[in-house]
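Let the sequences and hints guide you as you build the complete structure.
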Amino acid sequence: MDMDAEREAKLDILLAKDNRYDRAAYLFVCQAVNIIAREIAVKKRQSKEKHISSLQLLQGMKKLLLAKYGCMAIDVLQAWNVNSTDDFGNIVFNLADVNLLGTSENDSREDFNQRFSFHDAFVAPFQAKDQLRKMPVINL
1 MDMDAEREAK
11 LDILLAKDNR
21 YDRAAYLFVC
31 QAVNIIAREI
41 AVKKRQSKEK
51 HISSLQLLQG
61 MKKLLLAKYG
71 CMAIDVLQAW
81 NVNSTDDFGN
91 IVFNLADVNL
101 LGTSENDSRE
111 DFNQRFSFHD
121 AFVAPFQAKD
131 QLRKMPVINL
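Heads up: the sequence shown is residues 1 to 140, going by the working numbering.
Where hints are given, some of them may not hold.
To be verified - Taking lysine-lysine and the DSBU-like style, the derived pairs with C-alpha atoms no more than 35 Å apart in a straight line are: (1) K68 x K43; (2) K17 x K68; (3) K63 x K17.
To be verified - Have a look at the derived ranges for each label pair, beta carbon to beta carbon: (4) S104 x G70: 45 to 55 Å; (5) M72 x S104: 27 to 37 Å; (6) H51 x K129: 35 to 45 Å.
Honestly, the hints are just simulated from the structure, not real lab data.
Every residue gets a Cβ at the ideal spot worked out from N, C-alpha and C, and that includes glycine.
Encoded structure:
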């Protein structure tokens, strides 16, 4: 069985147990972990540390979501049923339960709890900063 087929089979098992999140959310987290791990490895060439902290992962995923989806990131997350950083924690640990990701004994779901507001991260940057002025009324 090739790696993609093995991953898909494990995702099928995971989704049969817990279908709160869309398959695309799980795939995104797997891809994000790989991208972020490579970025960290480049920055820390001498370091043998391969662990990604919850905050590093969340910040990296935020950056990737904004780069890929821009103002639609919040809509994509809602379509995946991912409504807070807590949900990303659940996804990470669900992936770890089927051996698609690794965690350390010091990691916990709570590390992801309320780390940042999705509104502040994915909605506010795209809202108009200034109030629009009312158009003047011309009485004839």
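Hints the structure violates: just list their numbers, smallest first. 4
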